[in-house]
Amino acid sequence: MREYMLRLAEEFFRALEKYGVDEAEFYGSWSNNVLIDISNGRIQRVSIRVTGDYGLRACIGKRVAGLSSSNLSPNIDDLARRLAKIIKASPEDKDWHGFSKGYRRGVLARIYDEKLANTSPEDMIEKLKHYMETSIEAARSKGGEDVRIPSGMTSYGSGGLIVANSIGEHLYDESTSMLIYYEVKTRRSGGEASFETMYIGRKLEEDRVLREARRGGEYSVLFIGAKPVPSGNYKLLLDQYNAAAFIETALIPAFSALNVQEKRSPLRGRLGQRVLGENISIIDDPGIDWGVGSRSFDDEGVPTRRKYIVNNGLLETYLYDHYTASREGRSSTGNGFRRNPGSPPTPGPTNIVFETDKAWSWDELVSSIDRGLIVHGMIGYWMSNPVNGSTQATISHGLLVEKGEVVHPVKGVVIGGNIYDWLSKDLVGIGKELLSIGNMYMRPLLVANVGVAGK
Amino acid sequence: MYDPDKILHYAENIGVDYIDVRINRKIYENILLDNGVVREYSLNEVMGLGVRVLVDGYMGFAATNKPDSESYKEVVDNAVKAARALRTSGRKTRLYPRRTSKDRVVSRYVKDPLDVDSESKIRLLREIYGSTRSVEGIVSSTVRYGFELDERLFVSSWGDRVETTTRLIGIGVLEVGKSGNVMERIWDSESRVAGWEFIEGMDWNNFAKEVAQLAVEASKAPVVKPGKYTAILDNEIVGLLLHEAFGHATEGDEVESGTSILKDRIGEKVASEHVTIVDDGSIEGGFYLAYDDEGTRKVRVATVEKGVLKTYLHSLSTAVELGGKPTGNARAENFAKPILVRQTNTYMEPGDWSVEELFNDTGSGIYIRGRGAMGGQVDPSVGTFTFTAGPSYIIENGEPVRLVRGVMMSGMILETLKNVDAVAKDLVVKTSVFGGCGKGGQLARVGDGGPHIRVRGLTVGGGR
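Each protein sequence line maps, in turn, to chains E and C.
Just so we're aligned, residue 11 is where the first sequence starts under this note's numbering, counting upward by one.
Just so we're aligned, residue 117 is where the second sequence starts under this note's numbering, counting upward by one.
Looking at chain C on its own, in the form it has when it is part of the complex:
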């Protein structure tokens, strides 16, 4: 539909200093079975062209999905117009001069989900729904299937040409349990960068049943008593904590703007010595990102090593501005969105405690669980983070003994990581085809995780 070479040629003829072209096609297949009825079966396709130019050092971006043969000229002209609008009051952008990238990468899969017939998918969802109906106390059950095919072509006037294709697939359930007048909902899902073989390899009936049972148990559970707790966080919650409470502050654009609490702190101790934090585009279980949307190869980066801040995550421009090297973290949701610095998979390196040792040593506190967690948010400017966990357990005598619901945690970014005093061995990283990270109006597929950890003095409260 769009010829990238023609676009480069046109832009060079009108005198831009630099141009890159992103051509993107995404297909999202979504099936929603709501209390046994197919409420939604949709196939959504996004495709179009995004162009970024540098003119006299000013950066402009434009995008379109207009199909006519001359639309590429309009989009380049608009990008130039956007760059020129900055001449009186804008700031210049410099790009790190990395080596040219030429590659074609396809994520691993065996069976293309788009080749699997619709009847099989619906049959599976109905089976999963059926398995939750036997759970007493369930009043509403929703099963969702999601598959995303994401094809990206990046071409630039530096000679880059990178094509990537990623397949992400998963199933999720939303169960509402009721006990007396109290209703509680639990959403959980499993996703993988893979093909239909991932769906075939999972016991979804058991997965859904467990979620349904938890929803009913949670509706019977008391609300957590607000206060400060010694907390053991499970793998999922550790991922959320790192992504929200710390990862965003390492994003180069947040640092460059002055928003991040980690500005000018490279080499400083920002966490306890038990903490090593990694951003990795190819960890098992996470999202797969081989190249970013500036054609830079994604490299594994330890942002924190044994508590010391080592680097930020970079795009080509933040690497120049902040004196770092590109890390392959410049990402855009699709062709129509400008580049932001985003995390890929954020996780903590495992330590040497067994999970059992962690509980035995803790005595009393709270075991904060990720299943049913709704996500989190950080205010990087004041350093406050918060997130909502799933139903969790009060720990007594080294054992998780009593379920509580409505758990919301809060803390100050740097204080919390300094209060991590034990890290277990069991690393788990997860991604999701149903969500991701929101920033600047864009959604990015990410992954996160870690081992079980212990944090002292965590603030826990919540609704009723």
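So that you can see chain E by itself, here it is in the shape it has in the complex:
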């Protein structure tokens, strides 16, 4: 597919030149993917997909536009003509400085696992059965009477991407990906609860998957009998999964230089200032082996590099793509990523690592809570607001803690606050264990003064 995409890019560039285009950029991606669906404890369906698509962006002077397609035998001249027409209809963007040039790789990390790429659906089904049995055994070991896996899915495979420009540069990379997700549902003494087992990675890390499988089983028992707590102010202990969810939705978009420049970030004008607690550092690290966000170049061919976004609480940099960097007369940070192949790149993170120089064990954090909630599961967190840092979610899997002891499981209460308060004046403690949750490398967080709407 690499050669095919390169040929396609070259043909497009030639056709676009004919229609008076000054510069163009091509982005192609493809994947070989296997999807396995689980229903009612059994493997229900296997899907095998071989797909590819591409995007083309081009400019005439300061006018720019793009298109994308999954038609792999396109009428190249027709598409080039349509794109040129759209470009000519677009008004000039005074901040447009052309496409990125000088393609090269930055930090390197391992992201392609030959073994995973060559795993047959039959072998993966056997592994999946083993993980599900592990969850069921874990639930039974905690007193679960009727344990089932109602639904879930596994998706794995390999893929590649290529970026090329009309001055003859191109870069290419291949990677593998793995997602396992299923729900464990358990009944005990007339009560019922469930918990999701989830793993995302670039290869099948057996130990980690089994850890998640056991957690899914044990937690499906732990939350039986969950109920709301009275409304009020509580301390909140977020495990790594839930801390990552809030950071990703309420904080990370505020680092985008585009959101800063377009006045949609509360961090506008705050470079060099303290924006988080002094014991917090946030690093964008594209070089982690098997990291979901690891990349050696971004979607504009710019080399990636490790960087502190926040260093000991001080805001060191925003994340830039080529366009936003050009507007400020500086270089891209290698963070230009696309929503789809035809979209313009916008600044986004690679892997985010949450660092601290002062951390506590999980037990220390729990024992320090006089009255609070531990959050192991929530819904609706993605509706938090990066424009003002507002955080909100409904707890689906929580635990009430009084005087350092777990009292009962909790569900159905709304928690609300603000990420900047949680990571500065309301921050009580940070946990020691760093865990990868997708592209987030996160620690537990204990915060105070969290508004809870309950019974």
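Take the hints with a grain of salt, since some may be wrong.
[To be verified] If we take Cβ atoms under 8 Å as the criterion, some of the chain E residues that face chain C in the derived model are:
# : residue
1 : E21
2 : G30
3 : A99
4 : P101
5 : S161
6 : R224
7 : R274
8 : V397
[Stated by the list, open to error] 30 Å max Cα-Cα, derived DSS-like pairs, lysine-lysine:
#  : chain 1 : residue 1 : chain 2 : residue 2
9  : C       : K426      : E       : K213
10 : C       : K294      : C       : K325
11 : C       : K422      : E       : K104
12 : C       : K182      : E       : K273
13 : C       : K344      : C       : K422
14 : E       : K213      : C       : K197
[Said to hold, decoys possible] Derived list of chain E stretches under chain C, where covered just means 3 residues or more per stretch with a C-beta under 8 Å from a C-beta of chain C:
#  : stretch
15 : 52–62
16 : 314–325
Worth flagging that the hints you see were computed from the coordinates, not collected in a lab.
Just so it is clear, CB atoms sit at the ideal spot from N, CA and C, and this is done for glycine as well.
Following the hints, position chain C against chain E.
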């Protein structure tokens, strides 16, 4: 590009029990005007081939968009390989033997948006942007145009041949207002299954201005006080509530797997007697779905009638497994995605209260509004739902008097619908070209709505 008859012939020759073929082409035109600058003008085309087979009762699915003349053989072979992978540990799939479908359906439109020149579209967006600049306190304004052309061909070894073409169009605005150090954003959009005539028939400047004014007012408003409220929900929020809090639990695949809280509850009272819930593929204002992706005609279904659960939403396989009839709700985002059971347009049937009567009778509480709402989510396994509303009003003495922001609602699915004690007459259903429903990694265009309703004892909280 792909010849469906050739594919059927090839599959039958290699001995599959059943095959269906989906050939899909979608075009999405997207224009994003960000603070007056065209940040994105893109035309995205998706096309390819999806094939589903039954081999010895096991179902396999494969998809490709590889263009070479032999790729159809590879995709059928992959589907057979996928089905055979299930032989040791998988479960068999049975399909409801419905009557053959042969039809060609094109959604109503007058002027094809792809025939309208790009300059006119950009000019309109710039005009809309201009109308928001006069609103004091607006710091950022984004205007978006979206159009989707979706062409689907379904052919099966049962003799089905169904072609559908749907056009969905709309405009949305994202306004950020600032007051002191507080910023608040409001996104709202209007979409219709129609052509360019829908764009020409709307007063977009006024629409955008209203959204901008609300963003500024919201940035000045206090955060809602957490607690339990008597709530009046507007049309949009009722739609969200029904889709998230109830509709997902009626989807046959959720019921079959055991995830749904409504499993084994047909005939039971699951809501108050004021509540009748409908899934309808052709309601005015909603998304238009004449046939699903298994070639089944979409029928209007009342899942709940006067509080009693009547049926689930079905695909051909869930109809067999759960003893129902196909309802035309088997849908896939595109050729590369497998079939899931999805809602179409979910709404509540209107009652007999006027909206004014509803407020007068309520006295005090909260009026929860949909404009600026961000969506919702449900955890069907524990029965908890949540969604974020737009800026809303505290009700005092039967009047919405004070704006509050940061409103997040939460509840238990069945409890909430049992607490509906008044339903108004004013039915409104909406769809969107900018989003839809997410499930299993797939996006489906849907619609939802209802009349104003009153719910007792709703949990309301939110961020600050």
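Verification of the supplied hints:
1. Annotation: E21(E) was flagged as interfacial toward chain C, and the flag is violated, the nearest CB pair being 14 Å apart, outside 8 Å.
2. At about 16 Å, the closest approach between the beta carbon of G30(E) and any beta carbon in chain C exceeds 8 Å, and the interface hint on this residue is violated.
3. Look at A99(E): its Cβ gets to within about 3 Å of chain C, closer than 8 Å, so that hint holds up.
4. Using the Cβ-Cβ criterion of 8 Å, the hint placing P101(E) at the interface with chain C is satisfied: the shortest such distance is roughly 6 Å.
5. A cut of 8 Å between beta carbons decides the hint on S161(E): the least distance to chain C is about 4 Å, and the hint holds.
6. With a cut of 8 Å, the hint placing R224(E) at the interface with chain C is violated, because the nearest CB-to-CB distance is about 19 Å.
7. Using the Cβ-Cβ criterion of 8 Å, the hint placing R274(E) at the interface with chain C is satisfied: the shortest such distance is roughly 5 Å.
8. For V397(E), the shortest C-beta to C-beta distance to chain C is roughly 5 Å, which falls under 8 Å, so the interface hint holds.
9. For the suggested pair K426(C) and K213(E), the alpha carbons sit about 45 Å apart, so the restraint of at most 30 Å is broken.
10. This hinted pair checks out: K294(C) and K325(C) have alpha carbons roughly 15 Å apart, not beyond 30 Å.
11. For the suggested pair K422(C) and K104(E), the alpha carbons sit about 60 Å apart, so the restraint of at most 30 Å is broken.
12. Taking the CA atoms of K182(C) and K273(E), the gap is about 43 Å. The hint is violated against a cut of 30 Å.
13. The suggested pairing of K344(C) with K422(C) holds, with an alpha-carbon distance near 26 Å, which does not exceed 30 Å.
14. Note on K213(E) and K197(C): the hinted pairing holds, with a Cα-Cα distance of about 23 Å set against a maximum of 30 Å.
15. Counting residues of the stretch 52–62 of chain E whose CB lies closer than 8 Å to any CB of chain C gives 11, which reaches the minimum of 3, so the coverage claim holds.
16. Coverage of the stretch 314–325 of chain E by chain C is violated [criterion: at least 3 residues with CB-CB distance below 8 Å; count 0].
Hint compliance for this structure: hints 1, 2, 6, 9, 11, 12 and 16 are not met, and every other hint is.
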